Amino acid sequence: MGKPIFRLFAFVVLLFTLLVVWTTRWTVIQAKSLNDNPLNHRTLIAAERVKLGRILADDGTVLARSVPAGGGTWRRVYPTGPKFAQAVGFAFLSTYGYAGLESQYRDQLRGAPTGLSSVFGSFGGSQAVGDDVYTTLDPKAQQVAITDLAGRQGAVVALDPRTGAVLAMYSNPSYDDNHPRTQTFDYALQAQSPPGSTFKIVTATAALDSGRYTTKSTINGNSPVTISGVPLHNDLNQSFGNIDLATALTYSVNTVFAQVAVNLGISTMTDYMKRFGFYAKPPLDYPANEMSSSKPYSFRTGKPLPPGSPDEDIGRIGFGQGGLAVTPLQMAMVVAAVANDGRLMKPHLAAKIVNPDGQTVQTVGPTLYNQVMSGTVAQEINQMMRRVVEEGTGTPAQLGGISVAGKTGTASIGLPNSGLTEPWFVGFAPANDPKVAVAVTVARTQGGFGATVAAPIARDVIRELLAEGR
Amino acid sequence: MSARNRELLGLIPASLLLTAGFAGVFIQHSGALSKLSNVSLTYGAIFLALCVAGHLVIRLTLPHADPYLFPLAAALASVGIVEVYRIDPTAARRQAIWFVIGLVLFGATIIALRDYRKLERYRYTIGAASLVLLILPRLPGIGEQVNGAYLGVHVPGLGVFQPAEFAKIGLVVFLASYLRDTRQVLVMGARRFLGVTIPPLKHFGPMLVIWGLAMMIMILLHDVGSSLMFYGGLVAILYVATGRVSFVVIALIAFALGAWYLGTHIAHIHGRVEAWLHPFNPKLYGQVGGSFQIANSMFAQAAGGLFGQGFGEAIVTIPGYSTPHYLIPAPDTDMIYAVITEELGLFGACALLIAYLLFVGRAFKAALMATDSFSTLLAVGLGSVFALQVFVIVGGVTRVIPLTGVTLPFISYGGSSIVANLVLVAVLLLVSDRARRPPGRPASVGLGTAPEREFPEVRARG
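These protein sequence lines map, in sequence, to chains G and S.
Those letters in the first sequence? Residues 1 to 470, by this note's numbering.
Those letters in the second sequence? Residues 1 to 462, by this note's numbering.
Simulated from the structure, these hints should not be mistaken for laboratory data.
Quick caveat: nothing in here was measured; it's all calculated off a predicted structure.
It is possible that some hints are incorrect.
Below, a sample of chain S positions facing chain G; criterion: calculated Cβ distance under 8 Å [claimed, not checked]:
hint, residue
1, Phe280
2, Tyr285
3, Gln287
4, Ala295
5, Leu327
6, Ala367
7, Thr398
8, Arg399
9, Val400
Here chain S is said to cover these stretches of chain G; the calculated rule only asks that three of the stretch's residues, wherever they fall, bring their Cβ under 8 Å from a Cβ of chain S [to be verified]:
hint, stretch
10, 8-15
11, 33-42
12, 375-381
Computed spacing ranges between beta-carbons, pair by pair [said to hold, decoys possible]:
hint, chain 1, residue 1, chain 2, residue 2, range
13, G, Ile29, S, Lys283, 24 to 30 Å
14, S, Tyr261, G, Pro38, 35 to 41 Å
15, G, Pro38, S, Ile354, 32 to 38 Å
16, G, Arg181, S, Ile12, 55 to 61 Å
17, S, Gly289, G, Val67, 34 to 40 Å
18, S, Leu257, G, Ile29, 30 to 36 Å
19, G, Thr184, S, Lys283, 33 to 39 Å
20, G, Gly60, S, Ile12, 51 to 57 Å
Every residue gets a Cβ at the ideal spot worked out from N, C-alpha and C, and that includes glycine.
Please build the complete structure, drawing on both the sequences and the hints.
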């Protein structure tokens, strides 16, 4: 009976080989497609077993932390809720998913596997604790923004122009990120609003830095002028006669900047807009799909125009209308570039990543995004913006003893003659040594002006940040 | 080194495996290293002590028995206790108690059946008792249906008893004994028809009974897995007894026809086949008793990869519930291979399969060395049933075949399983001791000599 037993054993070996082959199929050959199968909730569940690191404000205020949720799992809690919800976002893996910084820094918050933890992971596994993310956000300035916006839709963005650190970023209405179902549109990063006259800073930069104009160049400031075949009026149809570029900015003369933009041409204007970051997703350390780029739209199709499109009404874009739509963050970047001698730093929310042992494993330092203009031109624009606050449209932004450089904007929105406006103020201070750059907008007012609605908010945020010794 | 010393030495790695496994699970559970040194070493020491007790029984009564069977069983059981503990600590405590009961019965079997060939005298009693055991779960009042199949009998105070685990041993004993007598007649009286050897009709009877039995298990118990396991084991004995491949082919065709017919007519079996073919069909996935289990088994294996997540690292429960909600239903019984693959990876799973293959190999080796047909057929039958049980459950979990619930021997949680399989090891040790005993030596050196009684042996001709 020997031979049949050998054959039988050979058959058993064959059967077991099948088992090994099939196990190999699932563990190795088809592992990736199985891991990616939409029915597979394993990766989500696995992530909840990790105690995610905290997210903190620059003064140590905890913005996000993990609490035990039973069964070795953890749940996210956001102590500050709506105050920082737009910036921090949320992480509820098996229900709502990720948003904001929670999404951007999810790998760091989960903790990068180090050599030691991998060894333990394969043997028995130590408890997984992620790294803490320290942000640059300033809770006091954030509170000023909330108080001053007073429930109106709008946004406040404050940057340190020298480093790109985001000091405050608040959008109204916010939501409670403990309950992501209530998540709202993030005005600071997603709005597509006409910047109005605040955009004249970009036009002025293009004019001076291209060498085609100087601050003393005189342009006719009479109203109306014909731009793109349609008459353009100044506010109240006021005519200014021949005035220089600096004066035109001080009094925000639309006809002057329309003519300058037309003279510079679409390609030069597009070039400078790109240098400031227009047409691209903001270089913020934040999920790209949760941010909008700033660009002109076609009135005819309602869709964004490609960069340099001949369909642009470049004259009206030159003073922030003509279908141009921007985010408050973009306008903060514009003034930050001027404030920092033309060097635009990448804005960033994170300051450093600290592991559970207290060691800093990653520092998010100043990174140059673009040299937008020469230092000389930046100083010239700086001077022009100071005059705006000292004697022009921006006087409500004045801070006793500290010189503020700024620019107002009052964008027309809604139907023509509806009287609906979106007031803006962008600026920085101290003008001779800028430490804070801000952009403030209130989404929709009936006839409100940038000077009266937005400038006081900017002034209060700047005052708070400078008072803290920045 | 003597066989017994090799056996003793083999128990040490098995105990170390248990110690290391518990250490891993403790680190994962508590994050503390302090428990590692105390408790897991204690558990390892207790396990080693129990195994040494089993070893002493073998040393005293079966000095010539195969030295690898018992350590292999101990190693598999240690993996089982650690994995069950990791899934459900209370179940593991019961599993440990059952392991002790199993060891007692293991010793009792060895001592009581030192001359196991007397079983032949009771073969019809054993065969009939096995049939009764198989039918028990279907009897009203005591039977219990689990996931559409009738596998268990509820015993008050003891939990669920799975009689099929014991029936498999009884049926093998019966058939080995029956075929020892009739195997020649089956071959000699056979006629060749159209090139196929067909056994004489009067001896076809018992074979038909076996086929009918397999079909009955499917119809009554809705359990293809057990059915395939029994039938396959019995066909293996038939093949070794007669040496005729044609019998095997006829038997397998008969089974396939029956299985196909029942598979399309019994909803429960049909559902398992559908889940096997289309595990990711959203409708099947969402259905109760649908493909959720097999799909998540594959996800678990994919999560394991080459090296696994580590002891205690597999995701077994869905978080956020106060009572355990298992991500893979039945993680400590039917699905334990998937959990092990997730924790130990392809390499761990292969090591496990190799351990099973070695066990089967040792059983077949005992069959080869046996000097009488009954012993040979008994060892072949037990080895085959054991191998098929592993194939049926691991094949089901890995989607080689439709999933049906049988236990993974020595590893799955379940008292009946661990006790029955330890008895199976005892019988194999009895066979191998007799086979390897030098001529003229008494059966036992430790407990006095038992009177040797030889049974008439019919030797195969040709």
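Do the hints match the structure? See the list:
At its closest, the beta carbon of S/Phe280 sits 6 Å from a beta carbon of chain G; the interface hint therefore holds under the 8 Å criterion. The restraint placing S/Tyr285 at the interface with chain G holds, with a minimum CB-CB distance near 6 Å, inside the 8 Å limit. Annotation: interface hint on S/Gln287 violated; nearest CB of chain G at approximately 13 Å, more than 8 Å. Because the smallest distance between the Cβ of S/Ala295 and any Cβ of chain G comes to about 6 Å, under 8 Å, the interface hint for this residue holds.
Proximity of S/Leu327 to chain G holds as hinted, the smallest CB-CB distance being about 7 Å (cut-off 8 Å). The closest approach between the C-beta of S/Ala367 and any C-beta of chain G is roughly 6 Å, which is under the 8 Å cut-off, so the hint is satisfied. For the restraint placing S/Thr398 at the interface with chain G, the shortest Cβ-Cβ distance is roughly 4 Å, inside the 8 Å limit, so the hint holds. For S/Arg399, the shortest C-beta to C-beta distance to chain G is roughly 6 Å, which falls under 8 Å, so the interface hint holds.
Evaluation of the S/Val400 hint against chain G yields a held restraint, the C-beta minimum of about 5 Å falling below 8 Å. Given as covered by chain S, the stretch 8-15 of chain G passes the check, having 5 residues with a CB less than 8 Å from a CB of that chain where 3 are the minimum. Closer than 8 Å: that is the beta-carbon criterion, and the stretch 33-42 of chain G has 7 residues meeting it against chain S, so the requirement of 3 holds. Against chain S, the stretch 375-381 of chain G contributes 0 residues with a C-beta closer than 8 Å to a partner C-beta. That does not satisfy the three-residue criterion, and the hint is violated.
Between G/Ile29 and S/Lys283 the Cβ separation comes to about 27 Å, which falls inside the hinted range of 24 to 30 Å. Distance hint for S/Tyr261 and G/Pro38: a CB-CB separation of about 36 Å, consistent with the stated range 35 to 41 Å. Take G/Pro38 and S/Ile354: their Cβ atoms lie about 35 Å apart, and the range 32 to 38 Å holds. Separation of G/Arg181 from S/Ile12 is about 58 Å and conforms to the stated range, judged on CB atoms against 55 to 61 Å.
A beta carbon spacing of about 37 Å between S/Gly289 and G/Val67 agrees with the range 34 to 40 Å that was offered as a hint. Checking the proposed 30 to 36 Å range against S/Leu257 and G/Ile29 shows it holds: the Cβ atoms sit about 34 Å from each other. Take G/Thr184 and S/Lys283: their Cβ atoms lie about 37 Å apart, and the range 33 to 39 Å holds. For the pair G/Gly60 and S/Ile12, the beta carbons lie near 54 Å from each other, so the given range of 51 to 57 Å is met.
The structure does not agree with the numbered hints 3, 12 stated previously, though it agrees with the rest.
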